[in-house]
Amino acid sequence: MGEQSPVLEMAGIRKVFPGVVALDGVDFRLFPGEVHALMGENGAGKSTLIKVLTGVYEIDGGEIKLGGAPVRISGPLQAQQAGVSTVYQEVNLCTNLSVAENIFIGREPRKFGRIQWGKMRRRAAELLTRLDLDLDVSAPLSSYSLAIQQMVAIARAIDIEARVLILDEPTSSLDTSEVEQLFRIMRRLKESGVAILFVSHFLDQIYEISDRLTVLRNGQLIGEYKTAEMPQVQLVEKMIGKELAALEDLEDKAQRNRERAAEAKPVLEAKGLGRTGAIAPYDLTIHAGEVVGLAGLLGSGRTELARLLFGADKADQGEIHLDGKPATLRDPQAAMKRGIAFSSENRRTEGIIGDLSVRENIILALQASRGWTRPIPRKKQDEIVDKYIKALQIRPADPERPVRNLSGGNQQKVLLARWLITEPKLLIIDEPTRGIDVGAKAEIQKLVAELSDGGMAVLFVSAELEEVLRLSHKIEVLRDRRLVEELENTAGVDADRIMQTIASGATS
Amino acid sequence: MTTASMTPVTKGPELNKRRRVYKPNAKYIPILATLGLLAIMYITGIANYDNFGDPSVFVNLFRDNAVLLVVAVGMTFVIITGGIDLSVGAVISLTTVLTATLLKGDWPPLVVLPAVLILGALIGAGQGAVIHFFKVEPFIATLAGLFLARGLALFINQQSIPIRNETWSAISDYRIELADGVVTKPNAIIAVLVVIIAAAVLAWTRFGRNVYAIGGSSDSALLMGLPVGRTRIVVYTISGFCAALGGVLYSINSTSGHALQGNGYELDAIAACVIGGVLLTGGAGYVWGTLLGVMVAGLITTIINFQGDLNAAWTRIVVGVLLFVFIVMQRLVTRKAK
Amino acid sequence: MNSIVKNRLFWPAVILVVLLVVNAFTSNQFITVQNGHLFGSLIDILRGSSALILVALGMTLVIATGGIDLSVGAVMAISGAVACLLIQDLPNQNAIGPVLGVVAVAIGVSLVMGLWNGSLVAIIGVQPIIATLILMVAGRGIAQLITDGQIINVQSGPYATIATGFFLGLPVAFLIAAAAVALILLLTRRTALGLLLESVGGSPTASRLAGIGARRITIMVYVVAGGFAGLAGLIYSANIKSADSISAGNLIELDAILAVVIGGTALIGGRFSIAGTVIGAILIQTLSVTVVAIGIPPEANLLFKAVVVVALCLSQSPDFRAKVFGRFKTRQAVAA
Numbered sequence: 001m002g003e004q005s006p007v008l009e010m011a012g013i014r015k016v017f018p019g020v021v022a023l024d025g026v027d028f029r030l031f032p033g034e035v036h037a038l039m040g041e042n043g044a045g046k047s048t049l050i051k052v053l054t055g056v057y058e059i060d061g062g063e064i065k066l067g068g069a070p071v072r073i074s075g076p077l078q079a080q081q082a083g084v085s086t087v088y089q090e091v092n093l094c095t096n097l098s099v100a101e102n103i104f105i106g107r108e109p110r111k112f113g114r115i116q117w118g119k120m121r122r123r124a125a126e127l128l129t130r131l132d133l134d135l136d137v138s139a140p141l142s143s144y145s146l147a148i149q150q151m152v153a154i155a156r157a158i159d160i161e162a163r164v165l166i167l168d169e170p171t172s173s174l175d176t177s178e179v180e181q182l183f184r185i186m187r188r189l190k191e192s193g194v195a196i197l198f199v200s201h202f203l204d205q206i207y208e209i210s211d212r213l214t215v216l217r218n219g220q221l222i223g224e225y226k227t228a229e230m231p232q233v234q235l236v237e238k239m240i241g242k243e244l245a246a247l248e249d250l251e252d253k254a255q256r257n258r259e260r261a262a263e264a265k266p267v268l269e270a271k272g273l274g275r276t277g278a279i280a281p282y283d284l285t286i287h288a289g290e291v292v293g294l295a296g297l298l299g300s301g302r303t304e305l306a307r308l309l310f311g312a313d314k315a316d317q318g319e320i321h322l323d324g325k326p327a328t329l330r331d332p333q334a335a336m337k338r339g340i341a342f343s344s345e346n347r348r349t350e351g352i353i354g355d356l357s358v359r360e361n362i363i364l365a366l367q368a369s370r371g372w373t374r375p376i377p378r379k380k381q382d383e384i385v386d387k388y389i390k391a392l393q394i395r396p397a398d399p400e401r402p403v404r405n406l407s408g409g410n411q412q413k414v415l416l417a418r419w420l421i422t423e424p425k426l427l428i429i430d431e432p433t434r435g436i437d438v439g440a441k442a443e444i445q446k447l448v449a450e451l452s453d454g455g456m457a458v459l460f461v462s463a464e465l466e467e468v469l470r471l472s473h474k475i476e477v478l479r480d481r482r483l484v485e486e487l488e489n490t491a492g493v494d495a496d497r498i499m500q501t502i503a504s505g506a507t508s
Numbered sequence: 001m002t003t004a005s006m007t008p009v010t011k012g013p014e015l016n017k018r019r020r021v022y023k024p025n026a027k028y029i030p031i032l033a034t035l036g037l038l039a040i041m042y043i044t045g046i047a048n049y050d051n052f053g054d055p056s057v058f059v060n061l062f063r064d065n066a067v068l069l070v071v072a073v074g075m076t077f078v079i080i081t082g083g084i085d086l087s088v089g090a091v092i093s094l095t096t097v098l099t100a101t102l103l104k105g106d107w108p109p110l111v112v113l114p115a116v117l118i119l120g121a122l123i124g125a126g127q128g129a130v131i132h133f134f135k136v137e138p139f140i141a142t143l144a145g146l147f148l149a150r151g152l153a154l155f156i157n158q159q160s161i162p163i164r165n166e167t168w169s170a171i172s173d174y175r176i177e178l179a180d181g182v183v184t185k186p187n188a189i190i191a192v193l194v195v196i197i198a199a200a201v202l203a204w205t206r207f208g209r210n211v212y213a214i215g216g217s218s219d220s221a222l223l224m225g226l227p228v229g230r231t232r233i234v235v236y237t238i239s240g241f242c243a244a245l246g247g248v249l250y251s252i253n254s255t256s257g258h259a260l261q262g263n264g265y266e267l268d269a270i271a272a273c274v275i276g277g278v279l280l281t282g283g284a285g286y287v288w289g290t291l292l293g294v295m296v297a298g299l300i301t302t303i304i305n306f307q308g309d310l311n312a313a314w315t316r317i318v319v320g321v322l323l324f325v326f327i328v329m330q331r332l333v334t335r336k337a338k
Numbered sequence: 001m002n003s004i005v006k007n008r009l010f011w012p013a014v015i016l017v018v019l020l021v022v023n024a025f026t027s028n029q030f031i032t033v034q035n036g037h038l039f040g041s042l043i044d045i046l047r048g049s050s051a052l053i054l055v056a057l058g059m060t061l062v063i064a065t066g067g068i069d070l071s072v073g074a075v076m077a078i079s080g081a082v083a084c085l086l087i088q089d090l091p092n093q094n095a096i097g098p099v100l101g102v103v104a105v106a107i108g109v110s111l112v113m114g115l116w117n118g119s120l121v122a123i124i125g126v127q128p129i130i131a132t133l134i135l136m137v138a139g140r141g142i143a144q145l146i147t148d149g150q151i152i153n154v155q156s157g158p159y160a161t162i163a164t165g166f167f168l169g170l171p172v173a174f175l176i177a178a179a180a181v182a183l184i185l186l187l188t189r190r191t192a193l194g195l196l197l198e199s200v201g202g203s204p205t206a207s208r209l210a211g212i213g214a215r216r217i218t219i220m221v222y223v224v225a226g227g228f229a230g231l232a233g234l235i236y237s238a239n240i241k242s243a244d245s246i247s248a249g250n251l252i253e254l255d256a257i258l259a260v261v262i263g264g265t266a267l268i269g270g271r272f273s274i275a276g277t278v279i280g281a282i283l284i285q286t287l288s289v290t291v292v293a294i295g296i297p298p299e300a301n302l303l304f305k306a307v308v309v310v311a312l313c314l315s316q317s318p319d320f321r322a323k324v325f326g327r328f329k330t331r332q333a334v335a336a
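Sequence order for the protein chains is Y, V and X.
The opening residue of the first sequence carries number 1 in the UniProt record's numbering; numbering runs sequentially from there.
The opening residue of the second sequence carries number 1 in the UniProt record's numbering; numbering runs sequentially from there.
The opening residue of the third sequence carries number 1 in the UniProt record's numbering; numbering runs sequentially from there.
Quick caveat, the hints were computed from the structure, so don't treat them as lab data.
This one's a predicted model, so the numbers in the text were calculated from it and none came from an experiment.
Some hints here could point you the wrong way.
Below are the DMTMM-like pairs computed for lysine to aspartate or glutamate, each with C-alpha atoms no more than 20 Å apart in a straight line [to be verified]:
#1 K241/X with D319/X
#2 K323/X with E58/Y
#3 K238/Y with D211/Y
#4 K135/V with D319/X
#5 K65/Y with D136/Y
#6 K271/Y with E224/Y
#7 K323/X with D134/Y
#8 K135/V with D355/Y
#9 K380/Y with E423/Y
#10 K337/Y with E269/Y
#11 K119/Y with D134/Y
#12 K323/X with E137/V
#13 K27/V with E464/Y
#14 K380/Y with D398/Y
Label pairs and their calculated CB-CB ranges [as the list claims (entries may be wrong)]:
#15 L267/X with E486/Y: 49 to 55 Å
#16 I40/V with E486/Y: 52 to 58 Å
#17 L178/V with D136/Y: 40 to 46 Å
#18 V182/V with R130/Y: 51 to 57 Å
#19 G149/X with T328/Y: 51 to 57 Å
#20 G455/Y with Y28/V: 53 to 59 Å
Beta carbons are placed, not taken as given, at the ideal position from N, Cα and C, and that holds for glycine.
Bound-form chain Y, shown alone:
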């Protein structure tokens, strides 16, 4: 690889936003036929660097060379024409259009100006077959899951004969087998000489697929390393700039509390609770001070199960007992009155209200439960908000800043704060650590452990088995919209054991 010349060279890149230096003299290079991981916490400048490369932002300084020649990328179209193709973290396709159109739009095969639909569909089907995807290409993209949409985005990017392929957290909505599938495709592209820039928050994925990595921190270049020569712990240290031992003692803690939790009284009991088409009837008991983990593949019914317990969707069968008494959860308001809190997996659309300030977002649920006629006095608001900004280390610590300007991890903390101030008996959190950086992830996990120590019942939903294993006293395994097994998280239970259950669907 050494004698090859880089296909992409960025030197001294500088990008300034009002009040922030997002990139400060960053160098970056990419060789043909390599997978290069771009590492850093949220706010380190990864997204900005990618947007500079794809022409969304114009640079304030520095130079970009493609194939040795200096270029000025003025927009996404120019980037594509220059051979830079991108798949973004949030699927950036038009879900109202068909699968085939999403792959080919802007490049549709035409004859006399008329789009050749038949040819387009055929080519789309061929392309997807090569990616082991069997889709109805004329169906609207919205009829497929997020994971499939992400794969379609990748198909589009691949078909644009790119020299440089940028994958900005493509795996955050994929499950294990789909990640494997993606990696197979990446390896094939790599062999054909495509340079791949890969961003992921999953360290294991980085180590599995990447050849080299570049670390950014606070908009500055920390260094470029060979992945194989960089130990994980050291990498994390370079990313967050401090020793990370916070998680070390968590596992023991969970172990220690296990017995106590089992003796506590049940906060919630669901019997035969279900909703046609969403989740098959299930039984579930959650005790005070207990963390119950929900494990299963994407689309296995994790979120659907959780939503029934909050009244976000209405159950059409079964019953719920709260503190031993039967309860009907008609809507979220009813659930909140009974001391249940729910933080959705869709942080941006179902969680934060982007326009409103951090303070307003934090007090929102508490205020809603009090009703509009009984406002929380401003002094009290400031007290609560200050306390939680400090306790959860929300950055920047400015309560009046619109929450949309915060990073994903900090938005997640704001949401947690929103629910914690309502002092729930049962906290349901759906994918609280998805798409956020290592540091914030560790802090949130620690918080969950502390809350359960304090007697709160927690229902923890996550795609990451390791995280579920680390935090939970009890793990519920889902498959095909059905709860298939309940596992006490004892010494013998590990990721393999859960994967087996998911794979076989067997119940003990």
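Start from chain Y and add chains V and X according to the hints.
Chains V and X in isolation, oriented as in the chain Y frame:
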């Protein structure tokens, strides 16, 4: 995850199939609902009134609603991108006033016609440019356009101006015999042509697909490298052009120009689009749906005419009630499909 | 954030002041005292803008939830028609008690109209622009039906007072509008209503999951908008001492929306500014008065208004300022 050497849980394709949520032709449901309701209305008309079944009643729908049809087609483009154009009614009045004034000044019709059409397109393009470059909300930008166009029309002349031009009168009096006893006017033919061309453009050209893409998500469209700005400006240009064409048809119909002509057409056009299943949020809808929406509006007027004893107040109320029925029915049908 | 709000209201405020200054110089009486009342063109502007202020207030709340209400003009017509019809049948049109009763009935009817709009939007889930379009179309028909297609004239002193009377030296109509503004300010800023409104407007789904009864709040704002439109309809009708179903509140929905937008509330919902709306409404009224005062020919009235509106809308677009005046060279940061 620590388990790098995990066995795939299920084979890829099977996995994908399972995830597929089946929606039976969901995108056609609003149109089919409108079509069904239109049929019911038509049959009710035939059952209740003599001569309602006469083919000319149906054919006359196109003649009587040619202006609305043309304007609503332009509006369809705009609404599919997620925008709205409030200026169309005012552009109609500006066009009729200008046409009448120029023809009165003995300008040759072959100069007047392209001139007013180009002016309409320019007004549309201007609004599109303001919306795109200055990020002014379409509602507000075209509201300003409404004031401007109607202001200009009133400035030119506040009175009704008769058109005595021979060409205009000739077109106005021209009859086309479609079948025995069934005649129509050039206006209807032009309107139908506009519908067909628009449908073809939306379905078969890159521009047409870009219109849908922008309506689905303009951010995504931008990142996919589509010419978002250009498409958006062209869409408003089309709407302005269609409004001007509608104004020309209006002036042919009425052989006059007046600043109050076309008043309220923007809302009729929006209502027609919505009844035809074009979503105001953008990204979904068909010109055929808009055609059905216009037919519904036309059929309401026809039924009221057949009824005979309804006064202006009742006409408004009936239109409102029917609008309500359509929207609620459509809503229920669409909801069930989901 | 404060500075941005100030920024958005800066140009409208400047234009308002300029127009008022122009008025002060061109009209023979800008503000004077006669018979213990204030008179002059300034007072005329305040009195004349009260209907628009009321309608725009309701519109602000509706727009804050991400909706829009096109039916306000029709509701004005209905309210005026109901009031005049009932007053006409009173044995003594000058008795204060019965007239107040009639006013209450008219406003009650308007509230029901608002309830209808709100239910369509919040319960049936119809897009606001279409839901209110129904009443916009049918409402004027209803008003015409109430008055039987005639213009009903009334000779009621107490009724006329609503529009033309003075209290403590100030026009009653203006005092009504001022009271409404105070009420809404109190409701939205002293209770949590403002926060919940902005939250529903910002994201209905997230609001529901945060336990906010979005449906009830949505219905409530349409009811309030209906009530204020009804009140405005009474002022309009009391001013001309008759019910005119055709021209009452004609196109006022557009002026009201314009007032809201000039006042810095975005049509997509979320953050709203009551003070901004009031400035916007007074500005629009001042514009109409000024056009006459400085002797612009009547046929150019609308054109003049259009030019000012275009200028205002452009002045509020950050992109316009950036591109034309080049004050900010960098493009706005998209939240990463």
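Checked hints:
The hinted pair formed by K241/X and D319/X fails the criterion: a straight-line CA distance of about 47 Å is larger than 20 Å. At most 20 Å may separate the alpha-carbon atoms for a hinted pair to count; K323/X and E58/Y meet this at roughly 16 Å. The suggested pairing of K238/Y with D211/Y holds, with an alpha-carbon distance near 18 Å, which does not exceed 20 Å. With a CA separation close to 7 Å, the supplied pair K135/V and D319/X stays within the 20 Å bound.
In summary, the hint linking K65/Y to D136/Y is not supported, as the alpha carbons are separated by about 40 Å, beyond the 20 Å threshold. For the hint linking K271/Y to E224/Y, the alpha-carbon distance of about 54 Å lies beyond 20 Å, and the restraint is violated. Proposed proximity of K323/X and D134/Y is contradicted: the alpha carbons are some 48 Å apart, above 20 Å. Distance restraint check for K135/V and D355/Y: the Cα-Cα separation of roughly 18 Å lies within the 20 Å cut-off, and the hinted pair is therefore satisfied.
At roughly 16 Å between alpha-carbon atoms, K380/Y and E423/Y fall within 20 Å of each other, so this suggested pair holds. Of the pairs offered as hints, the one joining K337/Y and E269/Y holds, with about 17 Å between alpha carbons and a cut-off of 20 Å not exceeded. Our distance criterion of 20 Å between C-alpha atoms is met by K119/Y and D134/Y, whose separation comes to about 17 Å. In summary, the hint linking K323/X to E137/V is supported, as the alpha carbons are separated by about 17 Å, within the 20 Å threshold.
Restraint check: the Cα-Cα separation between K27/V and E464/Y comes to about 36 Å, which exceeds 20 Å; the hinted pair is violated. Restraint check for K380/Y and D398/Y: the C-alpha separation of about 16 Å stays at or below 20 Å, so the hint holds. The hint said 49 to 55 Å for the Cβ distance between L267/X and E486/Y, and at roughly 50 Å that hint holds. In this structure the supplied range 52 to 58 Å holds for I40/V paired with E486/Y, their Cβ-Cβ distance being about 54 Å.
Range check, L178/V to D136/Y: about 41 Å between beta-carbon atoms, so the 40 to 46 Å window is met. Here the CB-CB span from V182/V to R130/Y is close to 56 Å, well matched to the stated 51 to 57 Å. Taken as a hint, the range 51 to 57 Å holds for the pair G149/X and T328/Y, whose Cβ atoms sit roughly 53 Å apart. For the pair G455/Y and Y28/V, the beta carbons lie near 55 Å from each other, so the given range of 53 to 59 Å is met.
The structure fails to meet hints 1, 5, 6, 7, 13 from the earlier list, while all remaining hints are met.
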